[in-house]
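Make the complex out of the two chains shown on their own, each in a separate frame, by following the hints.
Next come the chains, spelled out residue by residue.
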Amino acid sequence: MKWILVVVIAMCNTLGDVLNTAGMKRQGELESLDPRSLGRMLARIVHNPFVLGGLGTLTVSFFALVSLLSISNVSFAVPATAISYVLETLLAKYILKEQVRWRRWSAVTLVACGVVMLTL
Amino acid sequence: MSAQKYVAALVHPIRLVYRLALMKTETPVEAHKTRLLTFLVIGSNVVGNVLLSHGMRQLGKIVSASPLDYARVFANPWAVLGVLILAVWMICDLALLSRADLSFVLPVTASSYALIAIAGHFLLRERISPIHWVGIVMITLGVVLAEETPARTTNRPRELPL
Numbered sequence: 002m003k004w005i006l007v008v009v010i011a012m013c014n015t016l017g018d019v020l021n022t023a024g025m026k027r028q029g030e031l032e033s034l035d036p037r038s039l040g041r042m043l044a045r046i047v048h049n050p051f052v053l054g055g056l057g058t059l060t061v062s063f064f065a066l067v068s069l070l071s072i073s074n075v076s077f078a079v080p081a082t083a084i085s086y087v088l089e090t091l092l093a094k095y096i097l098k099e100q101v102r103w104r105r106w107s108a109v110t111l112v113a114c115g116v117v118m119l120t121l
Numbered sequence: 092m093s094a095q096k097y098v099a100a101l102v103h104p105i106r107l108v109y110r111l112a113l114m115k116t117e118t119p120v121e122a123h124k125t126r127l128l129t130f131l132v133i134g135s136n137v138v139g140n141v142l143l144s145h146g147m148r149q150l151g152k153i154v155s156a157s158p159l160d161y162a163r164v165f166a167n168p169w170a171v172l173g174v175l176i177l178a179v180w181m182i183c184d185l186a187l188l189s190r191a192d193l194s195f196v197l198p199v200t201a202s203s204y205a206l207i208a209i210a211g212h213f214l215l216r217e218r219i220s221p222i223h224w225v226g227i228v229m230i231t232l233g234v235v236l237a238e239e240t241p242a243r244t245t246n247r248p249r250e251l252p253l
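Residue numbers (the working numbering), protein chains in the order written: chain X, 2 to 121; chain R, 92 to 253.
In isolation and in its complexed conformation, chain R is listed as follows (with noise of 0.2 angstroms):
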């Protein structure tokens, strides 16, 4: 890949994430940005963990504890990809929690596990055994339960605790 193409393919995901999310803050309803911000967590959190997961496993195993054998990881495209859409993960986590309950956000967000798994099933070949299928529905029921609760039951003024 030449250089100019492999910042054109770092970039461009960003960018439609972006795009998309201007274009649903339109609208005026509080609640829709807080929902479509637990989407975008959601959401960077799967492809950021699968890119990541795609470029170790083309690097191969690394059983060390020092964090230089890990600096390795900048060397494949789809792990450097990965970490970066981890990043937008970790400032969409934070946007979030300023915005609704951390024990709304907790089991809302945990639906990125089931979904990494599917997505692990169907992109890398992963495979899910019956007991990973009861672990999916679980996590769905959480997800259900949790989002009909109001997002967000802490007072807004400053004064808050702690």
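Isolated chain X, as found in the complex (with noise of 0.2 angstroms):
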């Protein structure tokens, strides 16, 4: 049961991010941070398939963790953390066609490893 909610997490986590990432960038850039912009960007969200998924996946993960947490301790949310950090980035490249090179792979070890070392 643990390790199905950690696969759970993992996967609405990464999931939830990218689909955010792609409803956004399909909406268009958020132009200043004016209320009326900010207003116009939630407006436009609503009608967004995407980053409404996103936001029901990450939910999702959210409730997953909850329970991870009330049957197990915070060290066994762990590698949800870790794998999400990995599978997101390797998702970024080959689907979102960001660009990850060197100094972004180490930057994303780095941060998954310092985050897994915090919740030890």
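Calculated from the structure, these hints are not laboratory results. All residues carry an ideal CB built from backbone N, CA and C; glycine is no exception. Heads up, a few of these hints could be off.
Stated by the list, open to error - Residues on chain R that point at chain X, a partial pick, calculated with CB under 10 angstroms:
#, residue
1, E121
2, V171
3, L193
4, S194
5, G226
6, G233
7, R243
So this is what it looks like as structure tokens:
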């Protein structure tokens, strides 16, 4: 049961972030931070299936994490975090077509290891 | 706390962040907007989490998988404020993702983990073990490395993958 939850958290996290990024990129850049632009951005998100799907999967991931934490301790959530970082970067490179070179790979690896250490 | 003060305490920090954002967006350089959004994402994540954590500690341990038990969170003003700021964080995060790569946002905003640990140490008197310090240093190095890459490497037009 614990490991199923870890897999669900990692998958939903990754899928959610990738969907959000794809959706927000399709919607276009936020031009400025004034209330009108932000309002317009939020109004478009409501009709953006990618972002709605992304937020939905992130919600599933959140509740999976809450139930995982209620049946085991925090360190059990570690693999989920680490896997998400690597998986998200892979998908960013191959699906979102972002340029991930050695700098970003080392950055993500360092950050993933660092976050794991913080939860130990 | 009276109801009026309660509302004022909730609204004030949001207005502060907002004014700060408006002031800075007048700079002509586009890169500054991305940078400002990055700071907002990190800042709101840290403040929201520290407040929520403080509020949860006052409530005591909740051992339940039922969402209803977590509704008790809304009885504590610190926790409510934390949740509100985390909502702001989500919006800022989406705004940042509209301008920057996921593979950039991911490592750079991870500095919030390091900052939450440090804030927890000074504000909530949590202990930072040697292994935690190693983690904080590693995250910081990762953030520095990622910040040297361009924030966006994909095309701006609408013909995008997916």
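Okay, the hints, checked on the actual structure:
1. E121: 9 angstroms, holds
2. V171: 18 angstroms, violated
3. L193: Because about 4 angstroms separates L193/R from the closest Cβ in chain X, which is inside the 10 angstroms limit, the hint holds.
4. S194: 4 angstroms, holds
5. G226: Check passed: Cβ of G226/R comes within 3 angstroms of chain X, closer than 10 angstroms.
6. G233: 3 angstroms, holds
7. R243: This hint holds: R243/R lies near chain X, its Cβ roughly 8 angstroms from the closest one there, short of 10 angstroms.
Consistency with the previously given hints fails for number 2 only.
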